[in-house]
Amino acid sequence: MTQVRRTWRRIAATTGVLAIGAALAAPAYAADEEEPDDQEVGDGAYDEFTGDNVLTIATSQSIENWNPFIQIYVIEHQFRQLQYDTLVRMSAEDYSPTPGLAEEWEESEDGLTWTFHLREATWHDGEPFTAEDVEYTYHIIANDPDISARNADVNELIESVEAIDDHTVQFNLTTPSVNLEGSDQVIVPKHIWEEHEGAWGDYGNDDFPIVGIGPYQMVDFSTDAYIRYEVFDDYWQGRAGFDEIVYQYYTEPDTSVAALEAGEVDLIGGLNEAQMGRVEGVEHISTNVAPDRRWLAFRFNTGAVTRDGQEFGSGHPALADPQVRRALHHAVDKQELIDRVRGGYGEVAHSIVPNVFSTIHWSPSDAERIDFDLEEAARLLDEAGYETGDDGVRVSPDGQPLTLTFGVDAGNAEREGAAQFITEWFEEIGVGVETTISEDVQDLFDDGELDIAFTGWGINPNPTYNLNRQSCGQLPGAPGDGSSDAFYCNEQYDSLVRAQESETDAEARAELLFEAQQILYEDSPLVFLWYPTVMEAYNSTKIADFTTQPADAGMIMGQIGSWAYHSAAPTGETVDGVSTGLLIGVGVVVLLGAVILVVVLLRRRQTAEDRE
Amino acid sequence: MSTQSTPRPQSRPPSARALRMRRWRQSAADLWREFRAQRAGMVGLIGLSIFVAIAVITPLVAPSDALSVTQATGGRMAPPDGEYWLGTDEFGRSVALLTLYGTRVTLIIGIAAALVAMVIGTLVGIVAGHFEGRVSWILMRITEWFMNLPTLVLAIVLVVVLGRSIAVLVIAIGITSWAGTARVIRAQTRGIEGRPYLERARALGAGHWSQMGRHVLPNVTPLVLASTIMAIAGAILTESTLAFLGLYDPNNLSWGMLLNRAWSNGAMSAGAWWYVLPPGLMILVVVLCFTLCGRALEVALNPRLRR
Amino acid sequence: MAAEATTPLPAGSAQGPAGKLDNAARTGVGTGLGKYLLNRVSGAVVSLLAVLFSAFFIFRVLPGDPIDNLMRDMQSATPELEQALRAEWGLDEPLWVQFWSYLTGTLTGDLGVSIQYQVPVMQLFTDRLGPTVLLGGTALVLSVLIGFSLGAKSAWLSGSKFDKRNVNIALIFFSAPTFWVAMIAIIIFSRELRLFPTGRMVSAHTPDRFWPQFLDIAHHMVLPAITLTLMIYAGYLLTMRASMLDEMGNDYITTARAKGLRDVVVRRRHAMRNALLPTTTLVFMAIGNVINGALVTEMIYTWPGLGYTFFQAIAVPDYPVLQGLFVIFASATVLANLAADVLYWFIDPRARKA
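Chains as they are written, first to last, in our numbering: chain D, 23 to 634; chain Z, 64 to 370; chain R, 29 to 382.
Some hints here could point you the wrong way.
Stated by the list, open to error - Here are some, though not all, of the chain D residues that point toward chain Z, as calculated from beta-carbon distances under 10 angstroms:
1. Ser182
2. Val183
3. Asp276
4. Ala296
5. Gly299
6. Gly365
7. Val430
8. Glu436
9. Gly439
10. Trp447
11. Thr458
What the hints assert, rightly or not - A short list of chain R residues far from chain Z (calculated; beta carbon distances all over 12 angstroms):
12. Ser129
13. Val147
14. Leu173
15. Phe238
As the list claims (entries may be wrong) - For each label pair, taking beta carbons as the anchor points, the in silico distance ranges come out as:
16. Ile205(Z) with Glu178(D): 37 to 47 angstroms
17. Glu302(D) with Arg99(Z): 56 to 66 angstroms
18. Asp361(D) with Gly137(R): 49 to 59 angstroms
19. Gln422(D) with Leu77(R): 43 to 53 angstroms
20. Gly226(Z) with Thr144(D): 51 to 61 angstroms
21. Trp200(Z) with Gly137(R): 28 to 38 angstroms
22. Gly277(R) with Thr284(Z): 25 to 35 angstroms
23. Tyr260(Z) with Thr132(R): 52 to 62 angstroms
24. Pro231(D) with Gly118(R): 29 to 39 angstroms
25. Thr137(D) with Gly118(R): 43 to 53 angstroms
26. Leu267(Z) with Leu77(R): 36 to 46 angstroms
27. Val304(D) with Gly226(Z): 41 to 51 angstroms
28. Leu61(R) with Trp200(Z): 17 to 27 angstroms
29. Pro142(Z) with Asp361(D): 43 to 53 angstroms
Think of the hints as simulated: they come from the structure by calculation, not from any bench. Note that the coordinates shown come from a computational prediction; the quantities given were computed from them, not determined experimentally. We treat Cβ as the ideally placed atom computed from N, Cα and C, and that holds for glycine.
All chains, full assembly: derive it from the sequences and hints.
Rendered as structure tokens:
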């Protein structure tokens, strides 16, 4: 008996220690946090992570690459915005160009020469910011083999960049363009980067703290754990409110929601409806719902073909017929999708330009709108020659059943849900659907092997890039290239897109854009489903307010520019999240539980002994 | 299972085949008696019959639009009420009905995958046990290789590569779980091969296949049966895990897929326990039933275990 | 909830060692530890090589092109950039060249550079190994302690109420899917009672000193460790119980009892010691099981270990990371099996004869 009994006792002890330790652990530093901040002297390490003046943001992505020229991910975009600055920014009010590092700028008559007048500012290490830095930044872009490959379009546009004097820099272009004003290229300090002359692409930019010029300076990170920024006192626009910004890594949105409730995190984004519902009732949390500059659509394989006219893939030929696509467009109830799949968070989409860009967004009139109408859909298909076959699936005039393959991205609950609805509607009008869930749906579609797939893009204030993806010129050079969204090609559309690029009059340009959007809507190579709303939540007891973008009911986290983080100010109040009192209470309960456990075990031992 | 009904030829002595059949029937009856004596095993067996009944009856009885999202009428993840005993999912469908529907696919995948594993495992085990030397060495290295692989990792990769469908899930689970059986069967085969009657058969010139098919296979069959039933339990758990990780056939609802949908649609945030509990409990109970049956069968087969 | 499919649950005689024994007996041309070891080690080396070769090809057939996936996130994607990226990861080379550089690299400890994180895979692994070992090790120790002691006691009191309840509870945990147990645990203990965090290993706000960090990690580890323990202890319990029952059937136990030795002594000195060893080899052999469990547990609790890294890498797909993980997991199993073999030689005299 002794052997086992001893083992038992040890298990009990281990369990008890674990439970008690765990229960006490949380209050231990919950208490720590409440200690006054004037502990600074003596224990720097302690102070760094505490204090109420830290803005903690949940992120699901990690950064490993700090070189702003070769970064790819969204979180890296956030890094550039906090750490660096651009010459011209997109305003918080309405995304219009507004002074950044350049106080003012002008273009020459012929539109080929742009002169930027720079402001007085200092880098994080105290060095002054000059025109040399701008010139050097573009020197890197033009001359590093790796970086120039990533900026082929910029290098094509810019002939040269010259520093005229310390605060004036001149860009010489090859063709007139509005793209320079909208550039999100950050300027890097010459005095740091010239040490890596010729090998900029290989430079990790990982000498922490990194020298930049933005409102915050990146000081420290740990892979998949956190990224830490410290406020820059001499920021040209004035010191930001919080002493620190910490990006905390969470992959599951559910986990970050719990962290927000507990006061561990102050700002989270990318919530779904269930999570919004959960945090809305919480006292210290405010939610922010704003239109996003994104859309979700499904795209048809309108006939996969290369630029040279080589057909490839196994797409259904019926989708080359605009009338079939239009019929399928009629079979989608977009409002129902938004209500049922996104819990109402989103707006019905008709066009490739989201409604946040109100001046260039087109929406159909009542007469033009392709409404949800299954009868009309069926009528259009009948008319196009697709009669219903014996098994309820329509058959094309040459006897091929109208069964479409629908690719859904793996691990995307929203798209999977939407696909279920769309499938059922299509089946109701006699169109068969075979759903495939796969990691490489987008590749399969680009290879022409699927008929339908979802696609979603974030659109810039200048939507030319995405408009171009629907043009004949973007048909793939070789099968599988994936430069065109739907293998769509329409000369009339192309000429409109080209015309708007060099049209400098805003109203005339908007007219051209409207027309292009309308063609896309009526031809339906893509069926735009919704403009999602961003769903964000933050700790309103701790954070006074944010500047949103656009100013009226805008978003916080997905901004272009560092407006929100620069404007965020601490209220000075704290939230304990789960209160220390509760945790101590819980600790006591667990302790009691452990005691009871031990008592029971002792009693068991006695009875066992009796039995033996 | 009864031995009574067999008409016995009166005039001449029973043929070898008839003799074998009779012996087989006799041992089956013994086995059943031993099995029946164990309460846990019977509980498992009864539980399994209930699950099979659910799997068969649900599609026949349940409303045909139970799985339709466009026809669903319930609220979004609404808690249980009079109409929906177990609440609704994110599209307003009845969780109770979804759970019942999930039984069929879960059982089919579990049983089919275990059968695949058993066929491969038995074949490899017997062949490796029968032949000496190189064949055996190679087969055992392959078996060992499969035992060493992180099975879940391999199954995930297989499903991702081959695409999500019932057939692929069955193959992926089957291929990653036969090695243990092969090893056990091989050991058993070695034991049988050493028995005198097999040596006699060999001396009489019986070919390899006849030795393996007529003598070894019947002798390892009970063991195969017991381990198949245990393997079904394992296969169902693997299927649920894969489905939970998003590797499910979207057109065929299983319990693991339900749990995946609950997880990825924020059931945890919404506190929708009615969406998380039922499918998981079903998995637990069905796996438990198979395990109880399998254990009872093993005990029935192995007198040493009877105490 | 052990054994996502692999290990058949031992109901009676411990099957693993039986197979092992046979294996060992077959190989024994000569006797002696040297020959035996040579045989086992060479077998393990063959297995390791097979693992090394297969890792490369298994992950090459994964669908999805990592570069295409990266490009999709970029707005300024150009063919030139694609070329540059492909060259950067050597993906433009012929397959056999890639294979050769993989092979030579792996053998010299260079597992390549992660596509997703853009750091050397080796560095990534050294970062992630700690959490996995911490979690897996804690759970392993706990389940061995619980499983062995409960199993031995259960066998000793075989047929009693205690035994039945013990076995039934173990069977229930054996049958429950790990991920579901984790979900329930999170709902109850994190979301509703708010006793423990929902995931991760440490909070950012914790002061960077030993005790706060230690306590914070302990606090974060409670739920994952308990989940994983519940998943693996059942198998050990049932195995231990079975080997104990086997031992207790032996004559010497009866003799010892007849000699009037106290039960406790018989059990501790004889039965348990003898049953412990075959069970321990099984623990080594079932290491693959622990890996399976750790994969799922880490994923649900966002525990920053190797298993979690695997799930992060599979969506990209990040070949170097996947290959490396595969090699590590498989090698761990091979080595654990080798350890079990060697251990077995010492335990079972029958393995030495043959």
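* Of the numbered hints stated previously, which ones are contradicted by the structure, given in increasing order? -> Numbers 1, 2, 16, 29, in rising order.
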